[in-house]
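Trainee: Each chain, letter by letter, is given below.
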Amino acid sequence: MLLILLGVPLFAAAALAFIGDRRYAPEINIAGSAATFAAGIGLALEVYNTGPMLAGGKFFFVDAFNVYLSVLTSFVSMTTAIFSRRYMRREREHGRVGHVGMRFYHSMYQMFIFAMFLCLLTNNIGVLWIAMELATLSTVLLVSLYRTPRAIEAAWKYFILCGVGIAQALFGTVLLYFAAEKVLGEGGEALLWTNLSRVSGSLEPTVLSLAFVFLMVGYGTKVGLVPLHNWLPDAHSEGPTPISAVLSGLLLNIALYALVRCKVLVDGSTGTHHAGDIMMGFGVLSILVAAYSLLRQKDIKRMFSYSSIEHMGIATFAFGLGGPIATFGALLHMLVHSLAKSSIFFTVGHASQMHQTQEMERIKGLFKGNPLVGWGLMFGVMAIAGMPPFGIFTSEFLILTATIKDAPLWTPFLLLGLGVAFAALFRRVQPMVAGEVPEYQKPLKVAHVPVVLHMLLVLIIGIYIPDFLNQWFHTAVELLK
Amino acid sequence: MNIQIAAQINSFIAAFVLLAAFGMLVQKRIYSLIHLFAWQGLFLSISTAIVGYVANKHHLYISSILTLSLKVVLLPYILHVLVVRLKIRKQAETVLNIPLTMMIGIALVIFSYHLTAPVRELSTLITRSTLAVALATVMIGLLMMITRKHAVTQIIGFLAMENGLFFAATSATYGMPLVVELGVALDVLIAAFIFGIFFFHIHSTFDSLDVKQMSRLKEDL
Amino acid sequence: MEGFLVQTLQIAVLIGLAPALVGWVRMLKCWMQGRTSASLFQPYLDLLKLFSKDIVLAENASWIFRFTPYLLFGTTVLAGAVIPMLSTDLPLAATADVIVLVGLFAIARFFTALAGMDIGTAFGGMGSSREMTVASLAEPAMLMAIFTVSLGCKSTSLSRIVEAGALLKPSLAFAFLAFVLIALAETGRIPVDNPSTHLELTMLHEAMILEYSGRHLALVEWAGMMKLFLFMALLSALFFPWGIAETGKLSHIPIAGAVLLLKLAVSGMGLVLIETGLAKMRLFRLTEFLGSAFLMATLGMLSFFILD
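Protein chains in written order, with my numbering: chain A, 1 to 481; chain B, 482 to 702; chain C, 703 to 1010.
Using 30 Å as the maximum straight-line C-alpha spacing, the simulated DSS-like pairs for lysine-lysine come out as follows:
{"id": "1", "chain 1": "B", "residue 1": "Lys-509", "chain 2": "B", "residue 2": "Lys-630"}
{"id": "2", "chain 1": "A", "residue 1": "Lys-58", "chain 2": "A", "residue 2": "Lys-481"}
{"id": "3", "chain 1": "B", "residue 1": "Lys-630", "chain 2": "B", "residue 2": "Lys-568"}
{"id": "4", "chain 1": "C", "residue 1": "Lys-731", "chain 2": "C", "residue 2": "Lys-982"}
{"id": "5", "chain 1": "A", "residue 1": "Lys-298", "chain 2": "A", "residue 2": "Lys-442"}
{"id": "6", "chain 1": "C", "residue 1": "Lys-751", "chain 2": "C", "residue 2": "Lys-731"}
{"id": "7", "chain 1": "A", "residue 1": "Lys-442", "chain 2": "A", "residue 2": "Lys-368"}
{"id": "8", "chain 1": "B", "residue 1": "Lys-568", "chain 2": "B", "residue 2": "Lys-509"}
{"id": "9", "chain 1": "B", "residue 1": "Lys-538", "chain 2": "A", "residue 2": "Lys-58"}
{"id": "10", "chain 1": "A", "residue 1": "Lys-182", "chain 2": "B", "residue 2": "Lys-538"}
{"id": "11", "chain 1": "A", "residue 1": "Lys-182", "chain 2": "A", "residue 2": "Lys-58"}
{"id": "12", "chain 1": "C", "residue 1": "Lys-755", "chain 2": "C", "residue 2": "Lys-731"}
{"id": "13", "chain 1": "C", "residue 1": "Lys-982", "chain 2": "B", "residue 2": "Lys-509"}
{"id": "14", "chain 1": "B", "residue 1": "Lys-630", "chain 2": "C", "residue 2": "Lys-982"}
{"id": "15", "chain 1": "A", "residue 1": "Lys-182", "chain 2": "A", "residue 2": "Lys-481"}
{"id": "16", "chain 1": "A", "residue 1": "Lys-298", "chain 2": "A", "residue 2": "Lys-368"}
{"id": "17", "chain 1": "A", "residue 1": "Lys-298", "chain 2": "B", "residue 2": "Lys-630"}
{"id": "18", "chain 1": "C", "residue 1": "Lys-982", "chain 2": "B", "residue 2": "Lys-568"}
If you're looking for bench data, these hints aren't it; they were derived computationally from the structure.
Make the full structure from the sequences, and use the hints.
Mentor: Have a look at this one:
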């Protein structure tokens, strides 16, 4: 199962490097992602039935926390592949991407998925770092795919800032290994998460707090926490839309996953709430800065990137807060945000293709022009802004409840951020979807399936959380204590 | 060679690594930067080899050879080829003046010494005092990236940071497990290729490698 | 008694051999550049010639102008008496303190600068201001470098430092590099100043003494040669102190003398290599040059605490 999960993307990456520009290349992309998804479901069922498992000679470790993220990753990458088929076909026709570019795009897409899975499923904290860096590197050149000045600048910033951040994370990992070596001896064993979580009580607190600061700065840059977020709006808005969707929807989640894994170790060692406090501080800062930045955006994808920053801030805050309710809320939030944000990016991508621009002032009349895109965007924004009955409302509600209970002083900031974001998003979306169709709007064939699927899921989860999901989350919460 | 002498030699080499980092910080000529980077890599691999010999860790020899081939031979070569191909002007501008940059560098050294104090107390290795130097090299690499306006120097700053991190791994823990070392080396290699490609893109789009050009993506305040 | 003898011997060596050192440096330089050089003893002949010439004084020269050459010569000789070149156990060892040394050089420089401005020529003023710039940057760096060396033996007394001996320490390596740079600046060699230039606008030190003639000029030049000798001797004493006699006994002196000559010859070679390999820097880059000297000295001090 694991082998398929990791092997398929890798194989597909290699294959698509050669045939990525043929007519049926997007279909191969989709097929690969579908196979990955099936493998992901299979793995999930295994873990559901038999509990956490180690594999590959302790190299891989699958428990409730990362298996649900794996399923999510494989699902979203599959739907994005479906979306990418229509979208990239259009881009190719318009000449925005060349022959080599298409091959590169498809190949790197699969490579990126491979890196994400490696990151999620490995037991070795060093390999976690390597996979994270690999994921960044495989997307850097994708961001600059269109070769415009802005795209290159965005990719450069992405490369440099994330590179710097991840270097800090490496230093944190070194310190972690230093502390682990004392207790677990040398060699690869000392970097295995399973071993580390077992002995976290006996790891040196001072070293681990120092390590956590570096890890926070490092992985926090990848999550997009303020003040290390400068690369995010640029990178997510200048790349091709499918890449924006997976970056926003998946990579941020995985970075947060890495951060939380480390936090568990640090908490076990220090026994205080310091790590959580740091996360809460960064989270709230991200929420507020992102919310206010939302007001000033003119580019549609930039705006939604800031929205990603805000939601990641919420999730970070919740993980930092700790406790069963907040952690449940955070896990749920990661799930529904991913679905909703990628759906939004799908509709936004089509909208910008229809109008040949990403500026919000030029995009109008979506309800009349293309109802699927219009209503998809509308619902997406409603979901992301946290309106009931969508899933994000549920998760935000849980997080707020936990905040009022455990840390009431933070609540006004949270509410302020959420409110401002709500207002900003609606102010922008309203003129885009309503009104008359402008004459420069071009019709196009939309990828229906991904959008509909995602929104339905978000809606369903908002109304009723299925039993297995509930079970999953509870197990994960237990693990993250 | 007993432990004491090895520790002294190691301290010496650490001092040279730091000196190379400072040298890169104040250098304006790109060829000199590349040479200094190669020197730093050389010192690093010598240090790793010494530590491997004294502590009997054979995987450090492999790391040392890896560092040697990658950071002393391959990366400077790639950089050199890039500079020649892109006909880059041989000077790089700075944001702050040189003496001020040096002062900040010294402050960073003191800061990193202070920061790694808890680790130093706990460590039992002969290389424990060099952890401060390693962190200082990382920070100086960071400073170099911030205070330079040229893309090539920013990349060299990034690579200098990686050097510092590698050094930190050898100082604190006698090197990470081999699989991690290999992965990190692979990442650095891929990053090198990517930025090589990048330079060509930047050059063909902007006609120069001055990063001041790349500041269009901003919000209106 | 023997101590006084050794002391006098040391001063005699300083006064006597300084011109030879300068001759040696010039010989090597010519040899490196593929020219035929003058003989090793040419500086002696130059000094002799100057002593036999008349003094030409400007009408508005004050007592400072006339007094400075003697002061310069005197302080340099006194500095030489203080630095342990042949032995560390000298009667004047009690005053052999680093700060005293820096103070002596400072007095010399101060009066030279005044003398340069005394006549009122433009070049004199220019030379004085440039020299003072170099001094203000070089002195902190020199102090920092010497402090780094003195950290090891916890005393600023030169004899104590030399007796402690040099060890293989990174801080000393840094201090050595810093000291080399400072020595280049203080003695007015390339890349700071070209000692053989005849273009006034490029002069730093020479411009201050442009007006001197006759025996005044002889004394000033001699003092300059002795300063070079002293800095090289200081360099070898601080960083390569092997061979310096630890007692005041006369019997140990010949070996010490021979070792000193050897060390000075090697330092001369090093100086020539540096001078031939580098070009004179533009004046505004002096700050960077001396800043990096200060930087290295500070790094040496830091690495003493960090690495040792």
